[in-house]
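**Q** Listed below, chain by chain, are the residues.
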Amino acid sequence: GEDVEQSLFLSVREGDSSVINCTYTDSSSTYLYWYKQEPGAGLQLLTYIFSNMDMKQDQRLTVLLNKKDKHLSLRIADTQTGDSAIYFCAALGYYGQNFVFGPGTRLSVLP
Amino acid sequence: DTEVTQTPKHLVMGMTNKKSLKCEQHMGHRAMYWYKQKAKKPPELMFVYSYEKLSINESVPSRFSPECPNSSLLNLHLHALQPEDSALYLCASSQGPRLAGPDTQYFGPGTRLTVL
Chain G
1 GEDVEQSLFL SVREGDSSVI NCTYTDSSST YLYWYKQEPG AGLQLLTYIF
51 SNMDMKQDQR LTVLLNKKDK HLSLRIADTQ TGDSAIYFCA ALGYYGQNFV
101 FGPGTRLSVL P
Chain H
1001 DTEVTQTPKH LVMGMTNKKS LKCEQHMGHR AMYWYKQKAK KPPELMFVYS
1051 YEKLSINESV PSRFSPECPN SSLLNLHLHA LQPEDSALYL CASSQGPRLA
1101 GPDTQYFGPG TRLTVL
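Order-wise, the sequence lines are chains G and H.
Under the working numbering, think of the first position of the first sequence as 1, with each following residue one higher.
Under the working numbering, think of the first position of the second sequence as 1001, with each following residue one higher.
Calculated directly from the structure, the hints in this document are not laboratory data.
Any given hint might turn out to be false.
To be verified - Dumping the calculated DSSO-like pairs for lysine-lysine here, alpha-carbon to alpha-carbon at most 30 Å: (1) G:Lys70 / H:Lys1040; (2) G:Lys70 / H:Lys1053; (3) H:Lys1018 / G:Lys67; (4) H:Lys1018 / H:Lys1053; (5) G:Lys56 / G:Lys67; (6) H:Lys1053 / G:Lys68; (7) H:Lys1022 / H:Lys1040; (8) H:Lys1041 / G:Lys70; (9) H:Lys1053 / H:Lys1041; (10) G:Lys56 / H:Lys1018; (11) G:Lys70 / H:Lys1022; (12) H:Lys1041 / G:Lys56; (13) H:Lys1041 / H:Lys1018; (14) G:Lys67 / H:Lys1009; (15) H:Lys1019 / H:Lys1009; (16) H:Lys1041 / H:Lys1009; (17) H:Lys1038 / H:Lys1019; (18) H:Lys1018 / H:Lys1038; (19) H:Lys1022 / H:Lys1038.
Said to hold, decoys possible - The following residues of chain G were derived to be distant from chain H, with all beta-carbon distances above 12 Å: (20) Ser28; (21) Gln37; (22) Leu43; (23) Gln44; (24) Ala77; (25) Asp83; (26) Asn98; (27) Pro103; (28) Arg106.
To be verified - Listed next, with one range per pair, are the computed distances between beta-carbon atoms: (29) H:Arg1098 / G:Ala77: 29 to 37 Å; (30) G:Gln44 / H:Ala1039: 32 to 40 Å; (31) H:His1079 / G:Gln44: 46 to 54 Å; (32) G:Asp78 / H:Ala1080: 28 to 36 Å; (33) G:Gln44 / H:Glu1084: 40 to 48 Å.
Ideal Cβ positions, reconstructed from N, Cα and C, are used throughout, including at glycine.
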């Protein structure tokens, strides 16, 4: 089955760019997602990318997909303290509705 | 509007209690999901309803009983829970199985459940 991995922690200074990385194993995954979770809250959809795209940009967010290496990244430009949260990468399989989530990356933004 | 609502926000129950969690969406979505999330872990899928029929049960113990009374509502009935069932319970919805395009899931804020 699909396995999704992420680094667990990332610290950046306010105003810098953050890059959160994710790898997945199933090349038939059709869509790859990024969700943000603040403490005690649900998951907020940030963005997603179709597996035949290389890049998607949405305001401060840039998603890069290297399908050959099965590597996904989320870049947050001009990171703010409000960006401190856990970021989950998730893969949607070809056949179904099952999301496979990564373990989450805890982003800490230092003033 | 991409809102999924869940009630209650917090719930404390004893091991002999019976309680229910509720989830509602008005986006016309035909698939709804229950997830369980322990602290510092990703959400774990419990159940999927598709067109009001249970399509996936991820080997969840019978003390958790889902119900989908209509396409907008999803309940999770709880009975004889154990302290290890304490977690954040998340509901999500999506458009449902389709031929093209992503079946993106939208999550509610969750119910924080504590079992004493």
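**Q** Honestly, which of those hints from before does the structure not fit?
**A** When the structure is compared with the hints, numbers 2, 3, 6, 10, 11, 14, 21, 22, 23, 26, 27, 28, 30, 31, 32 and 33 turn out to be violated.
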